[in-house]
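Visitor: Sequence:
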Amino acid sequence: MRIDGARILLTGASGGLGGSIARELALRGAELVLTARSEAVLRDLADRTGGEVEVRDLSNRDDLMALCESLADVDVLVANAGVGGDLDPDRITTEEIDFVLDVNLRAPMILANEFAQRRTEAGKRGQVVMVGSLSGLVATANTSLYNATKFGLRGYTLAIRQDWADRGIGISLVAPGFIHTAGMAAEGMDLPKFVRTKSPQDVADAVVRAIVTNPAEVFVSPFELRASALMGTVAPGFSEAVQRRLGVTEMARER
60 MRIDGARILL TGASGGLGGS IARELALRGA ELVLTARSEA VLRDLADRTG GEVEVRDLSN
120 RDDLMALCES LADVDVLVAN AGVGGDLDPD RITTEEIDFV LDVNLRAPMI LANEFAQRRT
180 EAGKRGQVVM VGSLSGLVAT ANTSLYNATK FGLRGYTLAI RQDWADRGIG ISLVAPGFIH
240 TAGMAAEGMD LPKFVRTKSP QDVADAVVRA IVTNPAEVFV SPFELRASAL MGTVAPGFSE
300 AVQRRLGVTE MARER
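Under our numbering, the first residue of the sequence shown is numbered 60, with each subsequent residue one higher.
Calculated from the structure, these hints are not laboratory results.
All of these numbers come straight from a predicted model, not from anything done at the bench.
The C-beta atom is built at its ideal place from N, Cα and C for all residues, glycine as well.
There's no promise every hint is true.
Claimed, not checked - Label-pair restraints from in silico Cβ distances:
(1) 292 to 271: 25 to 31 Å
(2) 156 to 214: 17 to 23 Å
(3) 217 to 290: 16 to 22 Å
With the sequences and hints as input, model every part of the structure.
Guide: Here it is as structure tokens:
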């Protein structure tokens, strides 16, 4: 789809990735609807991108359904909102499980479904971009909730893509690895020296590619990190052993 002139709803717009995505889409002529929980950050971003602001909490069911109403005149949905930061598995509560599932998996699925139904009923094409993670391909210690939701998001995207293929509704998954200034790399996790990172701008560029060309997946990571993640999908036991040998497991537990 064309970005110039398109009306695009971007969730998670107040985060580091969200800000970069919003600025890149605005530069390309998009009309933005920016949503997140932080009104102050959204207002500042809206001033710089000319976007509209909707302050919504995706873990709140009423807020989510209200946001669905904003999809009526949206051409592109970019589901970028997400939370991570798992705790020690012995300390995870039911409330925390519900919160992470709501934000990372339930909300993007509902928004995507509502968007596709509205566009189909209107006889219009549309594009959905799900921002996932390489954590949707390979599991690591102390990230069970994040892994579970990102595995689920990847599965949903690749499956519903086939269901929508003949309806003019595209959907792509953008899967970042470690992004400096965002995510775990920005939360104080000491990455192994051999692990390279990408930038928020790289993620923004990947979102642009997903909107314009509708690929199944766009990976935002150095080749070696993507290769190791793909190895984890076919040989999870071996991947776990390698992570232990390289000290990745201990680093995750010490975060």
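Visitor: Compare the structure with each hint and give your call.
Guide: Against the structure, the hints come out as follows:
At roughly 27 Å, the beta carbons of residue 292 and residue 271 sit within the given window of 25 to 31 Å. Our hint of 17 to 23 Å for residue 156 and residue 214 holds, since their Cβ atoms are close to 18 Å apart. For the pair residue 217 and residue 290, the supplied restraint of 16 to 22 Å holds, since their beta-carbon distance comes to about 19 Å.
Figure legend: structure checked against the earlier numbered hints; every hint is met.
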